[in-house]
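Number of protein chains: 2
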Amino acid sequence: MALKRVLIVGAGLIGGSMGLALSRRMPHLDVDAMEVNAAYREQAAQLGAFRRVWHALDSAPSDYDLAVLAVPVDAAVHLLPRVRGKATWVMDVCSVKRPIVEAMDRVLAGSRGVPSHPMAGKAQPGPIGAEESLFEGRPWIFLDTHRPPAEIEELVRSLGARVVWVPDADHHDRLMADASHGIHLASQCAVLAAEMDHSAIAEVAGPAFWDVTRLASSPSEFWVQTLSANRDHVIAWLRRFESAARAFRAALEQNDAAEVRILLEEAKRRRARADAARNTN
Amino acid sequence: MALKRVLIVGAGLIGGSMGLALSRRMPHLDVDAMEVNAAYREQAAQLGAFRRVWHALDSAPSDYDLAVLAVPVDAAVHLLPRVRGKATWVMDVCSVKRPIVEAMDRVLAGSRGVPSHPMAGKAQPGPIGAEESLFEGRPWIFLDTHRPPAEIEELVRSLGARVVWVPDADHHDRLMADASHGIHLASQCAVLAAEMDHSAIAEVAGPAFWDVTRLASSPSEFWVQTLSANRDHVIAWLRRFESAARAFRAALEQNDAAEVRILLEEAKRRRARADAARNTN
Numbered sequence: 001m002a003l004k005r006v007l008i009v010g011a012g013l014i015g016g017s018m019g020l021a022l023s024r025r026m027p028h029l030d031v032d033a034m035e036v037n038a039a040y041r042e043q044a045a046q047l048g049a050f051r052r053v054w055h056a057l058d059s060a061p062s063d064y065d066l067a068v069l070a071v072p073v074d075a076a077v078h079l080l081p082r083v084r085g086k087a088t089w090v091m092d093v094c095s096v097k098r099p100i101v102e103a104m105d106r107v108l109a110g111s112r113g114v115p116s117h118p119m120a121g122k123a124q125p126g127p128i129g130a131e132e133s134l135f136e137g138r139p140w141i142f143l144d145t146h147r148p149p150a151e152i153e154e155l156v157r158s159l160g161a162r163v164v165w166v167p168d169a170d171h172h173d174r175l176m177a178d179a180s181h182g183i184h185l186a187s188q189c190a191v192l193a194a195e196m197d198h199s200a201i202a203e204v205a206g207p208a209f210w211d212v213t214r215l216a217s218s219p220s221e222f223w224v225q226t227l228s229a230n231r232d233h234v235i236a237w238l239r240r241f242e243s244a245a246r247a248f249r250a251a252l253e254q255n256d257a258a259e260v261r262i263l264l265e266e267a268k269r270r271r272a273r274a275d276a277a278r279n280t281n
Numbered sequence: 001m002a003l004k005r006v007l008i009v010g011a012g013l014i015g016g017s018m019g020l021a022l023s024r025r026m027p028h029l030d031v032d033a034m035e036v037n038a039a040y041r042e043q044a045a046q047l048g049a050f051r052r053v054w055h056a057l058d059s060a061p062s063d064y065d066l067a068v069l070a071v072p073v074d075a076a077v078h079l080l081p082r083v084r085g086k087a088t089w090v091m092d093v094c095s096v097k098r099p100i101v102e103a104m105d106r107v108l109a110g111s112r113g114v115p116s117h118p119m120a121g122k123a124q125p126g127p128i129g130a131e132e133s134l135f136e137g138r139p140w141i142f143l144d145t146h147r148p149p150a151e152i153e154e155l156v157r158s159l160g161a162r163v164v165w166v167p168d169a170d171h172h173d174r175l176m177a178d179a180s181h182g183i184h185l186a187s188q189c190a191v192l193a194a195e196m197d198h199s200a201i202a203e204v205a206g207p208a209f210w211d212v213t214r215l216a217s218s219p220s221e222f223w224v225q226t227l228s229a230n231r232d233h234v235i236a237w238l239r240r241f242e243s244a245a246r247a248f249r250a251a252l253e254q255n256d257a258a259e260v261r262i263l264l265e266e267a268k269r270r271r272a273r274a275d276a277a278r279n280t281n
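Chains as they are written, first to last, in UniProt numbering: chain A, 1 to 281; chain B, 1 to 281.
If we strip away everything but chain A, and leave its shape as in the complex, we get (with noise of 0.2 angstroms):
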């Protein structure tokens, strides 16, 4: 298979950026997108990077070689079954990798879908925002048990994305919990958890504020959905994580500095194991 014909669902910031990146990076690809949003199917079609911005999957044709589904996990398991008929191949990239593959499985008998998740996004939402340069350097995640053709993999790499493997979706989505849905609840709750009003804190912040805050200002829509989709990794990161901070404040409580310490080395012990891994990348 050479892949010329792509259509992404989707035009949003991922979608977005995908057509960017792929019409000035492998011009030889015809790249169409499939919006419903009228406003995003307007901006989508101001980037120059789509032959054709469709305004429904019926009114497109059906012979495309690759179908990306740039959506929320929830749309995208919906959208499938219609999807099937128009790409030979069913790429997603969602943040949420069980109910897809359960979805890919059953209505494109498996050997079709491509199960996958690129690690980019931004706090502004819609083809508005997207970069070609989006996916530079980041991972884009896929599953050994569901491998893409050469070319899948070929058209990632030239998005200047890192192609990252994990062994399967329950593997892929507990990763998540850890690497990012609990890292955005961390967040989240640092946030709330403040007693004084932002505008007078924002006057004594210094980048630590900032930089642990910033995911409060994501897409919420986003964040319900793939929390939602990933809710019972995430329950159990969220007993975890109110397990450490009981732990921190029990330690306060007793004025027990040795176990403060014990515990401020071992999160720096475990940091420093994520750093020595990002460094040999």
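Read the hints as simulated data drawn from the structure, not as lab findings.
Fair warning: there could be bad hints in the mix.
Where chains are identical, the list cannot tell them apart; a pair therefore holds if satisfied intra-copy or between any two copies.
Said to hold, decoys possible - Below, simulated SDA-like cross-link-like pairs (lysine to any residue); rule was C-alpha separation at most 25 angstroms, straight line:
no.	residue 1	residue 2
1	K268	D197
2	K268	G206
3	K268	D211
4	K86	L57
5	K122	R214
6	K4	A150
7	K268	E221
8	K86	A45
9	K268	W210
10	K4	N255
11	K268	P219
12	K86	A200
13	K4	K268
14	K268	D63
15	K122	R278
16	K268	R239
17	K86	G137
18	K122	S228
19	K122	T145
20	K268	E195
Take the given structure of chain A and dock chain B to it, following the hints.
Same frame as chain A, now just chain B:
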């Protein structure tokens, strides 16, 4: 009073950076340091910022216009009675203000003590990490109850810092629980909550993970002292933090997407208040 002779007590990251910046930006000042740690003393001498680096307070002369206590809170309280005879004015740069103010009011009868707090730091401790620009654009907090003479405010502005006033020591310490001490614990808890090994998490982590967890790399000793010195307000912050985490967990356990959305929107609204106040600074 015109400032001519300054003694920095403690040539660590903050003291070393103050020395560098003052020697380059206020060359009419004589800036000395006192540092008990031999390795730090050698690194401080190599900065080329200090006229003399004393190894003990007793060796230093007693005719300084200003002594700056750039040591942890406990050490600052401990050194205050011995520093009072060395300089007309004594300023501290500690991260918690109630113990300092209590000691200054007792030992210096209030009038010569200037409690202050620059919101600056980095993961690398010691004078080896010192930077002339460390305070550039950063808040430097003074208390309305202990206003410094114009010369000291001028000195702080010459470091590039943005002078911020708060009503009193307790107000400062409450603000710090929200803006700094709690934020640090949120970062530690986000690391400690992980189920998977951090070398595997690093493979798939995006910028959110690195930003939110970076404070886990901070020097433990400084944080043990800071959290202990502000323990009542930090404990209260942790209770609110745990409560926020439980609220997210309850909403997810009940699969209540509307409630998850309410919590995310509330965090976003508060973070936007901080952003708005930041942008008007």
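Checked hints:
1. K268 with D197: Answer is between: at 13 angstroms across copies they meet the 25 angstroms cutoff, but 30 angstroms inside does not.
2. K268 with G206: The answer is both: 20 angstroms in one copy and 19 angstroms across copies each meet 25 angstroms.
3. K268 with D211: both (18 angstroms within a copy, 14 angstroms between copies)
4. K86 with L57: The answer is within: 8 angstroms in one copy meets 25 angstroms, while 80 angstroms across copies does not.
5. K122 with R214: both (11 angstroms within a copy, 19 angstroms between copies)
6. K4 with A150: Close inside one copy (14 angstroms), not across copies (71 angstroms); limit 25 angstroms.
7. K268 with E221: between (33 angstroms within a copy, 12 angstroms between copies)
8. K86 with A45: within (21 angstroms within a copy, 71 angstroms between copies)
9. K268 with W210: Both ways: K268 and W210 sit 20 angstroms apart in one copy and 13 angstroms across, limit 25 angstroms.
10. K4 with N255: neither (66 angstroms within a copy, 42 angstroms between copies)
11. K268 with P219: Between copies, since 9 angstroms is at most 25 angstroms while 30 angstroms is not.
12. K86 with A200: This pair counts as neither: shortest intra-copy Cα distance 54 angstroms, inter-copy 36 angstroms.
13. K4 with K268: neither (48 angstroms within a copy, 42 angstroms between copies)
14. K268 with D63: neither (53 angstroms within a copy, 43 angstroms between copies)
15. K122 with R278: Both, since 21 angstroms and 20 angstroms are each at most 25 angstroms.
16. K268 with R239: Classified as both: same-chain Cα gap 21 angstroms, cross-chain 23 angstroms, threshold 25 angstroms.
17. K86 with G137: Neither way: K86 and G137 sit 31 angstroms apart in one copy and 55 angstroms across, limit 25 angstroms.
18. K122 with S228: Within. Shortest intra-copy distance 20 angstroms satisfies the 25 angstroms Cα cut-off; inter-copy 36 angstroms does not.
19. K122 with T145: For K122 and T145, neither the intra-copy (29 angstroms) nor the inter-copy (43 angstroms) Cα distance is at most 25 angstroms.
20. K268 with E195: between (27 angstroms within a copy, 16 angstroms between copies)
Hint compliance for this structure: hints 10, 12, 13, 14, 17 and 19 are broken, all remaining hints hold.
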